[in-house]
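**Q** Chains as they are written, first to last, in my numbering: chain A, 1 to 326; chain B, 1 to 333; chain C, 1 to 292.
Hints should not be assumed to be uniformly reliable.
[To be verified] A few chain B residues facing chain A, derived, Cβ under 8 Å:
{"hint": "1", "residue": "E45"}
{"hint": "2", "residue": "V66"}
{"hint": "3", "residue": "G70"}
{"hint": "4", "residue": "G161"}
{"hint": "5", "residue": "D189"}
{"hint": "6", "residue": "R243"}
{"hint": "7", "residue": "F246"}
{"hint": "8", "residue": "S268"}
{"hint": "9", "residue": "A274"}
Simulated from the structure, these hints should not be mistaken for lab results.
Predicted model, so just to flag it, every value in this text is computed and none were measured.
Beta carbons: idealized from backbone N, C-alpha and C, even for Gly.
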Amino acid sequence: MSDRTPLLRVRNLTVNFGSHRKQLSAVAGVSFDIFEGETLGLVGESGCGKSTTGKALMRIVEPTSGSIELEGTELTTTHGKALRNLRTRMQMIFQDPISSLNPRRRARDLVAEPLDCWKSVRGAERDALVNDLLNKVGIDPEIYGDRYARQFSGGQCQRISIARSLAMRPKLLICDEMVSALDVSVQAQILNLLVDLKREYGLALLFIAHDLAVVKYVSDRVAVMYLGKICEIGPADTLYDFPEHPYTEFLLGAALEADPDAPLRGDVLAGEPPSPTSPPSGCRFRTRCPFATDKCATEEPPLEEIVPGHRVACHYPLSLSAEANA
Amino acid sequence: MTDHPKLLVVKDLRTTFATPSGPLPAVGGVSFELGTNETLGIVGESGSGKTVLSRTIMGLQPRRNVEVTGSVLLKGFEVVGASEKEKRSIWGLEVAMIFQDPMTSLNPVMRIGKQIDEILRVRQGMDRRAAKARAVELLELVGIPSPAERYGVFPRELSGGMRQRVVIATALAGSPQLLMADEPTTGLDVTIQAQILNLLDSVKEQMKMSVVLVTHDLGVVATRTSRIIVMYAGRIVEIGSTREVFRRHRMPYTRALLDAIPKVSNPSHSRLVAIPGRPPNLLDLPTGCAFAPRCAYATDICRVQRPRLEPAEESGHAFACWNPLPVAEGALT
Amino acid sequence: MSSSLIVHEMVEEAHDRPARKKKLGVLFWICVGWLVLNFIGAIFANVLPLEDPLFQNYAVVNAGPSLHHLFGTDDLGRDIFARIVFGSRVSIEASLGSMLIGFGIGAPLGMLSAYRRGKFDSVVTAVMYVLLAFPAIIATIAVLSFWTPRSLLKIIIVVGVASIPLVYRVIRGATLNYSTRDFVVAAKVQGATDRRILMKELLPNVAPVGVSFLLIGIATVVTLEGALAFLGLSVNPPTPSWGNMINESISILQTNPWLAVFPSLAMCLFLLCLNFIGDRLRSHFEVSEGKI
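This is chain A alone, in the form it adopts within the complex (with noise of 0.2 Å):
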């Protein structure tokens, strides 16, 4: 990729759960950059590992192996103090945006306790600060701060929790499906705020969801994860309009477009995704790959540039094909 060196950079990160005998790879050694400012994409389909990925990232399930650095500073060998440091510095926003505030606590007082953690500011000036900080993701303090977080609904919750990660002004965003449980005009509302805030504030996100479109609107570059891997990544337009990995394809093709004139395909994916307890050999995707031969099962394929930015994991890539085939 480029020479910048990026805020965060993750190698071979693998996360597994349960004991020794029945060991579930969930994240199967992924790697990704993420720039300053930058939103970076990961999708999949449920199980694929894209939520543990995030999880990780913030340490909140602990890595089996791999390197997270974020501006160099190595997180999986951090612990205690020093990893509390770092957090001011990640922040993290959850899917149910009702289970993610404490219902016995007022707004003005979710947003801050960060500050409070920290107590970085204290007195009028943290009041203000909060005061701020809800104004800028469209609660009145003034009529609402006072509120307990069980009189809000879901599309302010949300809000409540983008002003509480923003309070120590992190440098990372990490967006776990924050919009899936929204409606579709709140979604809106709440991506909006969400693009508005990241240039304001500088973040980098790192956008987690199982929606193409929602991804698409908001991502910079798109990563695509099957079975605890990143199957292709690149920046967002060139994936969407020109997907190398079949599995991208028949995502996009899966996709439900709000169009009644949208092709309807026939071709959709069969099968569903292999338990990751025992993941086939060689190419995850293979065993649902209508383009699968004998060496997808035995290689695995590596994660290779073919176009500057734009990295596949495939032997057969869409374009290579197409143009053995022309």
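Chain A is already provided as a structure; the job is to place chains B and C on it using the hints.
**A** Coordinates of chains B and C only, in the frame set by chain A:
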């Protein structure tokens, strides 16, 4: 529309819940008709009343604190006011329903084949052997691989997509004329969602039944339905053929909803047009149009008087709006 | 999902209006008032214009209620009213004291176990289950019969220790319910210390469960004292306690029914109020729980 007698006729249906905070009109006067072998989409956000509407049509409402008025004629059977016993004569046989969460609609301690079996034996009066054969047949119809072996598995041993297939098979067991599907694919992965929707399409054709697809996702209804109802605050705000509603909608809410959805075909970072404000509070509805507080085109009359469903140019297309979008502007760009 | 659940959600959607203060009801406050009155009586029994509960006035033995002796006198001519007020001390001290031990040890352990999980949880839970497997009442009786001379403090210690695993189990369960929720993870991610998460995030959510269990615990200890008195294992006579008084009244029930009626009534009312308050509080908190 067809000349066949209507399968379902809903007239001025109202479902009002008595809540501690006052009456809550979840469905506030809905009328529409459905022919045979037709797929109708009911779209709306949370609180639009789409789920309550589908349950009221089924005759599934809580026994207490609810008042249903109007009429639901299902093949000539009046559902409103019918007793549980009377309704049981149509449930499963004339109309069946599938729900969002397949796990809750299946009995977790009963083998999947048995669950289908039982319906066949109790409702269709089949003997044990015929029922089992038919159950395997149904499992095959809904695309369960090696159905004879899967007959004996428990729901927890299946994936979400497979469970939803089983639910569909149980719904088909009584050969209903009408299948009500309430968010059947919400919570499923995109590739599985496409499989299930294709399956619903194919069984609809094979069994010559009608399907009502209730969903919040305009993408789900766009290519799978012949007609759409758009609901807002318990009322129909626009109804018409799918193509017409998507291409030449007149109601600003329909437009706003379409604009608010991110589209895969749009370039990255294209701005979404969000609808300001929040979905309406059904306990405290404005006197005029419920969408007026969020509508860019609202005028004084919108805030005072509720618009009625007015027919548009194309027959069957109607909308409820005082300041409808001009036809040309309604076209999607 | 049932229709009522949908309605519930829709009512919850009725945002934008400040939540109406839910009333606890008059009866609730009457019950609280009665308990407070009991507590005041127990605390200030010495200062109140009461007769000496130990003074034996042989001039009025087994007298019925009168203006002079509100609830009458017992077979030794002692004032029943005074004995009931003084007797409430034993019940209240025993229940509060043992609950202090039970909650003081059981509750923090339960919260810690549920929050930390892992080995700590497994070990503590195992120990608690061993304690639970002991038939608590029989163990209590056995210990009290051998640990002589009996005193209120010993009863408190024995009952308190016996209640630790019960409190532990309830609090651990309640905490587990919350410790896996996203807001706890969110707090951790914000850099909150474990202590802060326990005190600020978990405690306020677990507290309602704790309070209602505390009320049940108090009621149980009050009845337990009655049962122990029956076996002659409560505080030594002549110290009055509700249990002792009821126990003593049995032998002369025919001659002086008042002796049985008033202490039983006192205990009964006390328990009734406790249970009612606990019930009310639970439903009060449960509704706001539904909003989560």
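**Q** Work down the list of hints and note, for each, if the structure agrees.
**A** Hint check:
1. Satisfaction of the interface hint for B:E45 is found here, the shortest Cβ-Cβ separation to chain A being roughly 4 Å, below the 8 Å cut-off.
2. Taking 8 Å as the C-beta contact cut-off toward chain A, the hint placing B:V66 at the interface is violated, the least distance being around 24 Å.
3. At its closest, the beta carbon of B:G70 sits 27 Å from a beta carbon of chain A; the interface hint therefore is violated under the 8 Å criterion.
4. Residue-level restraint check for B:G161 holds (minimum Cβ-Cβ distance to chain A is 6 Å; threshold 8 Å).
5. Against a cut-off of 8 Å between C-beta atoms, the interface hint on B:D189 holds, since the closest Cβ of chain A lies about 4 Å away.
6. Because the smallest distance between the Cβ of B:R243 and any Cβ of chain A comes to about 5 Å, under 8 Å, the interface hint for this residue holds.
7. Using the Cβ-Cβ criterion of 8 Å, the hint placing B:F246 at the interface with chain A is satisfied: the shortest such distance is roughly 5 Å.
8. The criterion of a C-beta within 8 Å of any C-beta in chain A is met by B:S268, whose closest approach is roughly 4 Å, and the hint holds.
9. At a threshold of 8 Å, the smallest CB-CB gap from B:A274 to chain A is about 4 Å, leaving the interface hint in force.
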